[in-house]
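Chemist: Take a look at the letters that make up each chain.
There are 4 protein chains.
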Amino acid sequence: MKAANGRLRLGVVGLGRLGKRHAENLAYRVPGAALVAACSPVEEERAWAREALPEPRLYDDYADLLADRDVDAVWLVTPSSLHAQQIIDALRAGKHVFCEKPLSLDLAECERVLAEAARYPHLQATIGFMRRFDPSYKDAFGKIESGAIGRPFLVRSQTTDKNDDDGFFVRFAATSGGIFLDCTVHDIDVARWLLGKPRAKRVFAAGAVALHEGLREFGDVDNGVAICEFEDGKLAMFYASRTQAHGNDTHSEVIGTAGALAIGHNPRANRVEIYDASGIRNECTPSFFDRFEDAFLHEARAFVAAVQGGGGAGTRTGAQVGATLADALEATRIGMALRQSLQSGEAVVL
Amino acid sequence: MKAANGRLRLGVVGLGRLGKRHAENLAYRVPGAALVAACSPVEEERAWAREALPEPRLYDDYADLLADRDVDAVWLVTPSSLHAQQIIDALRAGKHVFCEKPLSLDLAECERVLAEAARYPHLQATIGFMRRFDPSYKDAFGKIESGAIGRPFLVRSQTTDKNDDDGFFVRFAATSGGIFLDCTVHDIDVARWLLGKPRAKRVFAAGAVALHEGLREFGDVDNGVAICEFEDGKLAMFYASRTQAHGNDTHSEVIGTAGALAIGHNPRANRVEIYDASGIRNECTPSFFDRFEDAFLHEARAFVAAVQGGGGAGTRTGAQVGATLADALEATRIGMALRQSLQSGEAVVL
Amino acid sequence: MKAANGRLRLGVVGLGRLGKRHAENLAYRVPGAALVAACSPVEEERAWAREALPEPRLYDDYADLLADRDVDAVWLVTPSSLHAQQIIDALRAGKHVFCEKPLSLDLAECERVLAEAARYPHLQATIGFMRRFDPSYKDAFGKIESGAIGRPFLVRSQTTDKNDDDGFFVRFAATSGGIFLDCTVHDIDVARWLLGKPRAKRVFAAGAVALHEGLREFGDVDNGVAICEFEDGKLAMFYASRTQAHGNDTHSEVIGTAGALAIGHNPRANRVEIYDASGIRNECTPSFFDRFEDAFLHEARAFVAAVQGGGGAGTRTGAQVGATLADALEATRIGMALRQSLQSGEAVVL
Amino acid sequence: MKAANGRLRLGVVGLGRLGKRHAENLAYRVPGAALVAACSPVEEERAWAREALPEPRLYDDYADLLADRDVDAVWLVTPSSLHAQQIIDALRAGKHVFCEKPLSLDLAECERVLAEAARYPHLQATIGFMRRFDPSYKDAFGKIESGAIGRPFLVRSQTTDKNDDDGFFVRFAATSGGIFLDCTVHDIDVARWLLGKPRAKRVFAAGAVALHEGLREFGDVDNGVAICEFEDGKLAMFYASRTQAHGNDTHSEVIGTAGALAIGHNPRANRVEIYDASGIRNECTPSFFDRFEDAFLHEARAFVAAVQGGGGAGTRTGAQVGATLADALEATRIGMALRQSLQSGEAVVL
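Residue numbers (the UniProt record's numbering), protein chains in the order written: chain U, 1 to 350; chain A, 1 to 350; chain Z, 1 to 350; chain Y, 1 to 350.
These are calculated hints, taken from the structure and not from any lab test.
Note: identical chains are not told apart, hence a pair may lie in one copy or across any two.
With a straight-line Cα cutoff of 25 Å, these simulated SDA-like cross-link-like pairs (lysine to any residue) come out:
1) LYS197 with GLY147
2) LYS20 with ASP294
3) LYS143 with ASN282
4) LYS143 with SER278
5) LYS201 with ARG216
6) LYS197 with TYR120
7) LYS143 with ASN266
8) LYS201 with GLY345
9) LYS143 with ARG268
10) LYS197 with GLU213
11) LYS197 with VAL209
12) LYS143 with ALA277
13) LYS201 with GLU217
14) LYS20 with ARG171
15) LYS143 with PRO286
16) LYS197 with HIS212
17) LYS197 with ALA108
Given the sequences, and given the hints that come with them, work out the whole structure.
Modeler: Structure follows, in structure tokens:
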């Protein structure tokens, strides 16, 4: 199933802003990978691919890409509502599949994908919770595994975006699933991963519309807070925001019985500090992509290495290679409970 | 009502660890104050006072101190269960009163104190939420007032202690009111103060016993998390812990529509950084007293200045002089709701 | 020689900006001290003393203050050119003496003071290098003594001021001794103190006029850099500046064979961090007084405690109580060599 | 001169530790580059290349690589003493050349290379001062160009290594040129680059042997400090060390008339902070390669982009594409003056 030279032949599907980044990584920065195909229904995006990528075969129809015998794996960066069926179709076509988060905003759909995937155990199916591949998150995971903080029992994690006056996410509110399913889903996955995958028992959420009144009609908020109780006395606190002034500020803390770790607390853009009349400051990462650029790259390398049968540089012995479909299902389940709690004002038992 | 030289004549009541610190401040570091009396039922504490303080009159009975005509104000650092009645007694004796937090762990008692205090409008009655006097918290308050972060809508605040293997607080659990009434009450006051005193609408709390199993019999935890929803879409998140490895780590963040402020995020013990094989580190404040030593002093200065009719160095135009009895009542009300939520697993509507 | 109540009776001499601060400390914040007298030739300053201090006897002539039998110690905050003779006069009058740095800008004068002081071994004579009393510097000193960084061999230290458009120090240039004797003298003392008082062997200095052209006529600069070689292979690097944008930024590093310590690297004004569109920042201490307010207080307490025969709260077993006259002489000697090197362009051997 | 597909065909020369890293970058991470050849006299290194690189032609003799018509550019990661002649040979063979620093430790040799290169203006010849390509250094350079700190007049820069008990650099001392030519040469280049390439006028240096006594016989030290005076009142201070406990700590500061920039002050290994009984800490980059991994990559991309005639992603409009031979000559000239000053104890005029 590999190219003559042993490289995994990939087809990327979806060439929006994030899709382009994935495509460039797969094309130029992942040893062992060959980006041989790309698919988008948008002519401008295919034109970009023609220019920027190393001569992939271009498709406007996903079915055609799946029919391409020289594609070993597909890389889905498509609208969330398409993910579940596209994963199933890819597996049925015999292709490994990487899919951006979320798996689906519908639990039944999530379960349908899991059931189908169980029929293809030889195929890799991974959901893109890239934070697991960020070098700092990975370092923290390793330290926890080595016992550095004793038994971890509390994660505090946040996903906050620089305020976007343009209001893109307001227009997107009808299909985003709301702030918890769109943003906090990452923190949910991080909490489960760092706490040893405990089962969630109960959640509570609240929120505020700080700036974007347009969200009210969708029952959504631009700032949300939540608590998640897991079994075994483990806990998580989440914060999500669309309205930060200073940049994308995504960070997590893990608190254990013998110490704690903070990952990315100050979202420094780089190593520069500026001294002027306003004090001493650092600039911040403007967007999640700036913050997680390396994570996306390591994620791609780890996927390719996993398919090729080795741990590869992107993996750590004993560590999961990215989020499984089951992880993604659980993240959706918790995220939906958070949304329900936000809207009902009551704690939700899972 | 003042000493011949215009100084406010104070009597301190309770000379435990914290009482001693208050007494030393009042005796030596508060311009305009004279510590003329001290009261403790414990002989060792009175012996300490004889040695360490500038010749105060010593009492073993609170009633005798109240009968002392040359005492203008009392400073209560006594067990929480005594606060309410001692405040009432002091007011009836015509004395200004400062009382360490909490006002009471019983709402009816709180209300009884407020009713009584309403009869003595010329007497100052303040509850010791010293965090309001910490220079950094005050700076943040001033910045918020000046509009630096737009409209503040979310406070995240924590009170966490270095783990005490001795388990003092476990023995204290029967009367402490639990982690939220003992620790988080400070964060509740901070949140209300920084958010403009909104009314609380609903709370949810959860917790974990990380290390101190003995707490379970009291329905208490050694780590607690909580969300508080206020009116007008304002929110607070709280974290309290008895089990930190690195020190007392008390900090707060205020998030507004145009920026945010973090107060004390890294609880640096001082300005030293240590470079060695473990990396670059700073040591942390071991206890709340090390962290808030200055705050206790400014609090005392502000109380004395307030009684003497001026703003004094410790006050800021437009700023409240410390927490009122009504603030303390509200903090207790919210703290009790948190405890109820912790124990019921349900959101509590106020 | 003490007041009836055992307090050391002090007279402050010089009530300029810094003198006022010293006077307030001695009057209100130093247990065991009584500020009983103040001296200034300036009527406005004496008027301030009448208002702000606790009824000291006021003098316009230093000789009259020295004649006051009820003054045990004098506290000199006068122009540098007067220091030497005023110290000698105080000692001859049988009074302990604290004098702000520098001892003198003239080496012969320094030596004359040392010779005279040798005749009064029962009198305390201390030069005000307050940095030794800053809690962070003291913590570093203690850590070095305890072996935390192995053998210290290099100090990097700087004294830099926020730019003063008013150009006070340009007008002061004729008598200040230049940037190294005015500013770096503190860093010289810190380096000697932290490195175990090695003898200086050779220095080199250079400088630049970044903003204040008026300094050129005095052979002075507004930014100076220097290297000092001590015996035993110990080294120091110094930086002094009058032109910083962000505030007073006074910090030091000590590098040893097993680690290093940085003291005050980020001159944070307090514990607040501001998050806004410019990034994440902290404000800085605007002036040396804001930075060293505590140090001035501890310095005063240590002096009083030393005279009263005990170590006191401000001292550490094994630590020097402030800078001796010999330390001050050595600092002046090195500072003068730096000025000579700056002006000659050549290394100067001591 | 390019491969059929437009890629620049490179041959790497020298496959030691750093050479391997360069080779991997050129092979897998530089769009537009094809690593087609590699040269090493060491069989083990060629074996590594066979395994790790994408089938380059392998040579054990540099002359053979130069004779390869399908190599457009050579990438020299060879011993310093070979650099000058290898560059000349490459240019004569019609090949672009990138060479790791230093150009040469001999000024006459440097000048011979410059003279020869002047005959081949169509060929790119760059010396590898990778710090110019570090994203943080580049950001600082851009901020200075945009006027953010006014007129820059002082650079403080250091290159310090984690102590190597193995003493590799002691054995290397005979040929390294000493600490200033081996380490500080980077800081010299940074200072010239950030200050607008002023000419050096005078230098002074001093040093200490803190741990590695074996250096004394070579007139070398394991810690060195230096001052460099440039024309126009510009200054630099340098520190180099082989004996740090915490890691490789390479950082720079640029001070201007309206502000300052610090680049990399805390050499954080990543974004993790560890909270434990020792305080709050971050781990540090262990080696220069960990610190400058990205810089080496951007350096390679910029070289390739420059040869291909475009600015490319790695360049900034108005910014120099790496250090020229003339820059490298100047860095060597200043470094040699520092060594002379260290050994003579006198300032050296250039």
